[in-house]
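Student: Keeping the supplied structure of chain A fixed, place chain B upon it in accordance with the hints.
These protein sequence lines map, in sequence, to chains A and B.
Going by our numbering, the first residue of the first sequence is number 1, and it counts up by one from there.
Going by our numbering, the first residue of the second sequence is number 1, and it counts up by one from there.
You may find that some hints are simply not true.
The list cannot tell twin chains apart, which means a pair is met if one copy fits it or any two copies do.
[What the hints assert, rightly or not] Using 16 Å as the maximum straight-line C-alpha spacing, the simulated EDC-like pairs for lysine to aspartate or glutamate come out as follows:
| no. | residue 1 | residue 2 |
| --- | --- | --- |
| 1 | K40 | D15 |
| 2 | K40 | E72 |
| 3 | K10 | E72 |
| 4 | K2 | D50 |
| 5 | K19 | E43 |
| 6 | K2 | E35 |
Quick caveat, the hints were computed from the structure, so don't treat them as lab data.
2 protein chains.
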Amino acid sequence: MKARITVTLKTGVLDPQGKAIKHALTGLDFKGVNEVRQGKLIELDLDDTDKDTAMARVTQMCEKLIANTVIENYTIELE
Amino acid sequence: MKARITVTLKTGVLDPQGKAIKHALTGLDFKGVNEVRQGKLIELDLDDTDKDTAMARVTQMCEKLIANTVIENYTIELE
Numbered sequence: 001m002k003a004r005i006t007v008t009l010k011t012g013v014l015d016p017q018g019k020a021i022k023h024a025l026t027g028l029d030f031k032g033v034n035e036v037r038q039g040k041l042i043e044l045d046l047d048d049t050d051k052d053t054a055m056a057r058v059t060q061m062c063e064k065l066i067a068n069t070v071i072e073n074y075t076i077e078l079e
Numbered sequence: 001m002k003a004r005i006t007v008t009l010k011t012g013v014l015d016p017q018g019k020a021i022k023h024a025l026t027g028l029d030f031k032g033v034n035e036v037r038q039g040k041l042i043e044l045d046l047d048d049t050d051k052d053t054a055m056a057r058v059t060q061m062c063e064k065l066i067a068n069t070v071i072e073n074y075t076i077e078l079e
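Chain A with its partners taken away, still in its complex shape (with noise of 0.2 Å):
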């Protein structure tokens, strides 16, 4: 089974990288861009074949490693 993880920042947390983005944008003469946000992408292949396990798991994973839950939310999609 595949999962597929999204870290985005919380609203609110500042983002240097998303703010450099935007600012390069700008430079390159991409107008009308407001806000820009930088997230991860986590890509897991799992031996799991149960959804509500493999969930579980994951969220576990989330909670324990992939984001950090102060600053950051996750979303979980299974395939």
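Tutor: Same frame as chain A, now just chain B:
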């Protein structure tokens, strides 16, 4: 309009970040993780209201700045 860009490494390109995450998950006793790949997620808030124009512009942004098309693939979703 919001655009959500995912940038992932092409198959065959080494992913040391993914490897490090896999190693850390194994260290935390999560079993059955076969592969981990890390990508980037970039969220843009654009002034554009027309979907076709926005898609063309964001594709240009990806080609010129956001993705390194030699080693990375990108997908664009508009909302």
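Student: Against each hint, give a clear statement of whether it holds in the structure.
Tutor: For each hint, the structure was consulted:
With identical chains, the CA atoms of K40 and D15 are at most 16 Å apart both within one copy (12 Å) and between copies (14 Å). Taking the closest pair of Cα atoms, K40 and E72 come within 16 Å of each other both inside a single copy (10 Å) and across two copies (15 Å). Within a single copy, K10 and E72 get their C-alpha atoms as close as 5 Å, which meets the 16 Å cut-off; across copies the closest is 26 Å, which misses it. For the homomeric pair K2 and D50, the shortest alpha-carbon distance inside one copy (11 Å) is at most 16 Å, but the shortest distance between copies (34 Å) is not.
For the identical chains of this complex, K19 and E43 are inter-copy neighbours only, at 12 Å across copies versus 25 Å inside a copy, given an alpha-carbon limit of 16 Å. For the homomeric pair K2 and E35, the shortest alpha-carbon distance between copies (9 Å) is at most 16 Å, but the shortest distance inside one copy (31 Å) is not.
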